Structure formats: structure tokens, C-alpha cells
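Those protein sequences? They're chains A and B, same order as listed.
Position one of the first sequence corresponds to residue 1 (my numbering), numbered consecutively onward.
Position one of the second sequence corresponds to residue 1 (my numbering), numbered consecutively onward.
Derived DSSO-like pairs (lysine-lysine); straight-line CA-CA distance at most 27 Å:
1. B:LYS82 to A:LYS2
2. A:LYS142 to B:LYS51
3. A:LYS139 to B:LYS51
4. B:LYS51 to A:LYS82
5. B:LYS235 to B:LYS222
6. A:LYS51 to A:LYS2
7. A:LYS86 to A:LYS114
8. B:LYS139 to B:LYS2
9. B:LYS2 to A:LYS82
Please keep in mind that the hints were generated in silico from the structure rather than gathered at the bench.
Remember, it's a predicted structure, so these values are computed and weren't measured experimentally.
There are 2 protein chains.
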Amino acid sequence: MKVSLLTIGTEIITGEILNTNVQWLSDRLESLGLEIVHHLTVPDQWDHMLKALDYISTSDVLVLTGGLGPTRDDLTRDVVAKWAGKDLEFSDSSWQSLVEKLATRGRTPKGSHKRQCFFPVGCHILPNSVGTANGFELKTSKHQLIVLPGPPKELKPMWTDHVEPRLPKGTLTPWVKWQIYRLPESEVAERFELVLSEFRDLEGVEIGYRASPPVIHVKMRKNLIPDGFEDRIQKEFSANWKASE
Amino acid sequence: MKVSLLTIGTEIITGEILNTNVQWLSDRLESLGLEIVHHLTVPDQWDHMLKALDYISTSDVLVLTGGLGPTRDDLTRDVVAKWAGKDLEFSDSSWQSLVEKLATRGRTPKGSHKRQCFFPVGCHILPNSVGTANGFELKTSKHQLIVLPGPPKELKPMWTDHVEPRLPKGTLTPWVKWQIYRLPESEVAERFELVLSEFRDLEGVEIGYRASPPVIHVKMRKNLIPDGFEDRIQKEFSANWKASE
Chain A
1 MKVSLLTIGT EIITGEILNT NVQWLSDRLE SLGLEIVHHL TVPDQWDHML KALDYISTSD
61 VLVLTGGLGP TRDDLTRDVV AKWAGKDLEF SDSSWQSLVE KLATRGRTPK GSHKRQCFFP
121 VGCHILPNSV GTANGFELKT SKHQLIVLPG PPKELKPMWT DHVEPRLPKG TLTPWVKWQI
181 YRLPESEVAE RFELVLSEFR DLEGVEIGYR ASPPVIHVKM RKNLIPDGFE DRIQKEFSAN
241 WKASE
Chain B
1 MKVSLLTIGT EIITGEILNT NVQWLSDRLE SLGLEIVHHL TVPDQWDHML KALDYISTSD
61 VLVLTGGLGP TRDDLTRDVV AKWAGKDLEF SDSSWQSLVE KLATRGRTPK GSHKRQCFFP
121 VGCHILPNSV GTANGFELKT SKHQLIVLPG PPKELKPMWT DHVEPRLPKG TLTPWVKWQI
181 YRLPESEVAE RFELVLSEFR DLEGVEIGYR ASPPVIHVKM RKNLIPDGFE DRIQKEFSAN
241 WKASE
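For reference, chain A alone in the conformation it holds in the complex (with noise of 0.2 Å):
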């Protein structure tokens, strides 16, 4: 099952703001173990976000962030009903929310924001408890698609409430994670995977490196790591062990 994630805004491509967001959502996805394969960020224009979709839809599940707002550079909801071959109706109750949430800010709302309340025909929709735009989930025959607003303090609690518990089960084994100190990477990756073919083939083994120093992070798939090898490696490694966190 693997996943992709689409975030659409030209504030990110130009570096004007950070993407925290793709960093928190896959740090959720990998807890529930599903496989995350794209992180993709295209700027707020047809084209790039129909080739966007295209791209990354050899994934079982896209997830797109941004481009939901009331303004005509928010193009999110049009492009991915044109890409599903969808047509966008107007929700009512969307409406109504969103009125009644402006009323308790003082305002009105506004024309601009009966863009908001247009989705694809059939999609499921995501309420927003903080900001206007709701999100949704479409599935197609192939894909099952989930659009979020961009801002984080709208996206996270949406996600946390609404979205995981429509995905499907992740079937990822947790890492397993090593810190190794005062030692160079290459010696560290030497090491590391003579003692490993002590146990095993090395062929096709995923082993992530990542040197931070004087750390070195190693890590590995659960379900990749044979019986006995992580005591081997604390002995190996036990002079440049980390004693505590």
C-alpha cells in the first residue's frame, strides 16, 4: 500500500514558507505503516497539478495538501475533479457550516466563499473545526485520494480525526533504530553489515544510513532483522554505544 503526498502552493516552491506539513504527516503515516514513496510540491497552476496527479499515481493512496482556499489562485478542488472525470456540485451543508461559523466571527460571508462549498460528486467530506474550507475523500477505481487545506493547525486535527481513520492498514514493520557514536559512517556501515552477513544474505536488505555527527543513525525494517543479530551488533558496536537517551 503505498502513499504520496501532493503539496500544492507556490508559497512553498518559491521558499517563502517551509513544508512542515509533508514531515508530520509522514511521520503519522510510517506509525501506521504505510509506505510513503512521493513527497511532491508543485506551484498553484493547472498544468503542473495535472501532471502532479499523473505522476504520482502509480500510489495506492494521494494525499494533496493546499489550494482549498476562497481565492482564484486555489485551484485544488477543480483540478482534482477534472483528473477523476468528476463533476463539482455544491454542498449544502458545507454552506451552512460556514455561514454559521463566520456568524460567530462577526461576518458575513462573502461570494468567494460559495467556492468552498463545491465538491466532487460522490466524495465524502472532511470537516474543518478551525478553518472554512472543508477537505474530502474521493476514491476512484484505482486511487483513493484525500485533500487538505493547507494551514497545519487546520490539517492536523483533521487528519488526526477524520482521515486516519479511513486509511487503510499499513502491513510496514516499525524501523529499527541504532545510534552509533564517535565512529565515521563508512567504518559504521562497514561494520554494520559484516556482522549482518554473519546472519544473512545481504542482497535486497534495505539499510538506512544517515550521519549526523557524532551520531551515526542505522536503521532497519523490523521484520528484516534475524534472530540474534541485535545483541550481535551492541556487543560489536559497545565501546561507541549510546548509554542513555
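Starting from the structure of chain A, add chain B where the hints point.
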């Protein structure tokens, strides 16, 4: 002149670390007037990396970061050579400087360091004054590929010192930015575009809005702004104008 950024690394895809490089690089590229159209991250996997290069190949300049280390999950140099149809050749000068660099740290090179001294035939090597992995620039008939290591403290000086002087001249004009206070985004957009329509047809005009309450950020490319428009906007929003920084 379009630019795409491709970040390679399972540690980013899984949410383990935050991708700050793309924001920093985008900010630099923007200041050079270059148009960025993709930020893409894929895991350290051969097929995903090859397909990513195909996808971003609509751009002229492809900037790749990550995956140049000495360990078995570092595939970038091999994938780039394969994609560009080039062989890899050993760089004696890179090897010499690596040996000297390690010597100053009291270390001797290991076999895995040799991997870091192979480069696609015909490329220009970009020296790394901080770490052990040099980068490279590879020109093909259609693309300028810039390949750099992932750690920010290595990447940033390499970019500033060695990459920027090799980049084409950008033609995009800078953004003009406004900050409007204490008004909802929908109202700012409506009034902003009403004023703009006094000056020109709105068709095809790119305006970016970003709500960060209590501020709405609005921006337009300088060359698209009609004479007199900025003064008119300042009058329109004078009550909500930013008084000082």
C-alpha cells in the same frame, strides 16, 4: 528557464528529518530570477529515482541533493549516470583530496570511500570543503544537472561558492509583496482584484494570497503591476496597512 529540485533520502520520506534544504535552495533560486516548478523527494530506491528524473525532465535545470555518501543506500551517482547514459570514471584528484582530508582527521580511507570518487564521464566536479563527498555538474543535450550532498552544512557553501556562478541567468522579475492586516482573505482578494480590474484585464494575472492571521500576504510579479496600482492599493487598504516592520 525552469528548475526542479529532487531530494533523495528515505530519512526525509519517512518524516525522520525535515527538508530544510529545499526552502533554502528555492529562496536562492528565486533571488536569481529562476522559476522553480517541482520539489520532489523519493526514497533511496533505484526505480523511484529513475522515474523521478524522467518526471522532472521537463525542466532545464535539475538540482539533486542526497545519496552521495559511502554507504550501500547511496545510489545517486549511479542513477544519474545511468539516466544520462554515461559511464562512471574514477577521479584521482578527488581521491587525493579525500585522502588528505581524512588524514587531517587522523583517519585512513576505507574501500567504501572509493565509491565517492566515481563521477559520470564529462562532468564538472564541485568541491566539498566540509565533507568527503564532492558534488558534480553534468550537462546533457537538454539538461543541466547539479548533484550535491544532502547535509546542509556541506550543501550551502558548495551552492553559494560553486553552483551559483554556473547557473543560467533567470528572467523572472521579483515579487512585490503586500501585507494586509485584520481583514479576511476573501475580502482582501475581492477588493484587491476590483482595484486591479480598474487597471487591466485580470485574465492570466498570477496573484498569490496567503492567510496567516491577522495578516494576509498578497504578491504579484513586479513586471505585471501597472503604473499607479501600488499607490491605489495602499489607499484602498490604508486602514489595514502595515504601519511598520
